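Peer 1: Since chain A is already given, all that's left is putting chain B on it; use the hints.
Chains as they are written, first to last, in this note's numbering: chain A, 1 to 114; chain B, 1 to 115.
One or more hints might be untrue.
Said to hold, decoys possible - Going by beta-carbon spacing under 8 Å, a handful of chain B positions derived as facing chain A:
id, residue
1, Phe39
2, Pro40
3, Gly43
4, Ser85
5, Phe89
6, Thr107
What the hints assert, rightly or not - Result set (BS3-like, lysine-lysine): computed pairs, CA atoms no more than 25 Å apart in a straight line:
id, chain 1, residue 1, chain 2, residue 2
7, A, Lys42, A, Lys78
8, B, Lys68, A, Lys78
9, B, Lys42, A, Lys57
10, B, Lys71, B, Lys57
11, B, Lys68, A, Lys42
12, A, Lys83, A, Lys57
13, A, Lys42, A, Lys57
14, A, Lys83, A, Lys42
15, B, Lys57, B, Lys68
16, B, Lys58, B, Lys15
17, B, Lys57, B, Lys15
18, A, Lys78, A, Lys57
19, B, Lys5, B, Lys68
20, B, Lys68, B, Lys42
21, A, Lys57, B, Lys5
22, A, Lys42, B, Lys71
23, A, Lys42, B, Lys42
24, B, Lys5, A, Lys42
25, B, Lys58, B, Lys5
26, B, Lys71, B, Lys5
27, B, Lys71, B, Lys42
What the hints assert, rightly or not - Simulated restraints, written as ranges between beta carbons of each label pair:
id, chain 1, residue 1, chain 2, residue 2, range
28, A, Ile20, B, Val54, 37 to 47 Å
29, B, Pro115, A, Asp71, 43 to 53 Å
30, A, Gly40, B, Gly83, 18 to 28 Å
31, B, Met78, A, Gln11, 37 to 47 Å
32, A, Asn74, B, Asp31, 27 to 37 Å
33, A, Thr13, B, Gln14, 41 to 51 Å
Since the hints were derived computationally from the structure, they do not count as laboratory data. On a predicted model such as this, the values are computed, not experimentally measured, just so you know. Note that CB positions come from ideal geometry on N, CA and C, so glycine has one too.
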Amino acid sequence: EPEVTQTPSHQVTQMGQEVILRCVPISNHLYFYWYRQILGQKVEFLVSFYNNEISEKSEIFDDQFSVERPDGSNFTLKIRSTKLEDSAMYFCASTLTSGGETQYFGPGTRLLVL
Amino acid sequence: QQQVKQSPQSLIVQKGGISIINCAYENTAFDYFPWYQQFPGKGPALLIAIRPDVSEKKEGRFTISFNKSAKQFSLHIMDSQPGDSATYFCAASTRGQTGANNLFFGTGTRLTVIP
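Bound conformation, chain A alone (with noise of 0.2 Å):
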């Protein structure tokens, strides 16, 4: 079965430094989103992606954070300037369509910034 894939899944940061964290959706989904999840939380919506460009962001998805997908396959997210309130795990997630399809979520990349 078709799965999201998330890279690193653990990284270690100092504060102030950029981070990339990578994903590749389900190869024929056409939404993306990434959320995190800071320890013992619940899981918040940072920002969502469709035809090349932001549908959607949070108050969290401030000027440090931005998301590119640089080729067919990959979305990334990258923490321009890390803070520790970065440390969370941070998920991607795909859907095939739009408005209530399933979506399905990525193992996530666990950002811990020190």
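Peer 2: What follows is chain B alone, placed relative to chain A:
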């Protein structure tokens, strides 16, 4: 407005019992209500979902009950099994202008099923 409130925070049920998790929402524009199951170290996986035009949806041992007027929905797990032990998240979404379907999650319920 985008908040989804979930209770209880944790739940312990005997094997064979019924697990009930409740959620409430404010935004009447929400039109899709999924439940996700998450095991430690894994991403959330869709369990079952409902739209507001029906009051109940059943898939195997899992049932969603939906009360549109009260803006509440709940997950019932019948004949709960130890393998059901996981964290359960309710969520809600509405379709954005481009069709993207951003999910707003509840705070999660950690279910433990005792053998």
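Peer 1: Do the alpha carbons of A/Lys83 and A/Lys57 lie within 25 Å of each other, as the hint requires?
Peer 2: holds, 19 Å
Peer 1: Take a quick look at whether B/Lys68 and A/Lys78 sit within 25 Å of each other, Cα to Cα.
Peer 2: violated, 39 Å
Peer 1: Keeping to a limit of 25 Å between CA atoms, is the pair of B/Lys71 and B/Lys57 held or broken?
Peer 2: holds, 16 Å
Peer 1: Quick one, are B/Lys42 and A/Lys57 close enough, alpha carbons at most 25 Å?
Peer 2: Holds, at roughly 24 Å.
Peer 1: Would you mind confirming whether the straight-line C-alpha gap from A/Lys83 to A/Lys42 stays at or under 25 Å?
Peer 2: Answer holds: A/Lys83 to A/Lys42 is near 20 Å, not above 25 Å.
Peer 1: Taking 25 Å as the top limit, are the C-alpha atoms of A/Lys42 and B/Lys42 close enough?
Peer 2: holds, 14 Å
Peer 1: Is B/Lys68 close enough to B/Lys42, meaning Cα to Cα at most 25 Å?
Peer 2: Measuring from Cα to Cα gives roughly 31 Å; hence the hint is violated.
Peer 1: Between the beta carbons of A/Thr13 and B/Gln14, is the distance compatible with 41 to 51 Å?
Peer 2: Once the Cβ atoms are compared, 44 Å apart, the range 41 to 51 Å for B/Gln14 and A/Thr13 holds.
Peer 1: For B/Lys68 and A/Lys42, compute the direct alpha-carbon distance and say whether it is at most 25 Å.
Peer 2: holds, 24 Å
Peer 1: B/Lys57 and B/Lys15: Cα distance at most 25 Å?
Peer 2: Roughly 23 Å separates the two Cα atoms, so the pair holds.
Peer 1: Tell me if the straight-line CA distance from B/Lys57 to B/Lys68 falls inside 25 Å.
Peer 2: holds, 14 Å
Peer 1: Can the restraint linking B/Lys71 and B/Lys5 be considered satisfied, given a maximum Cα separation of 25 Å?
Peer 2: The given pair, whose Cα atoms are some 11 Å apart, holds under the 25 Å limit.
The structure is inconsistent with the numbered hints 1, 2, 4, 8, 20, 27, although it conforms to all the rest.
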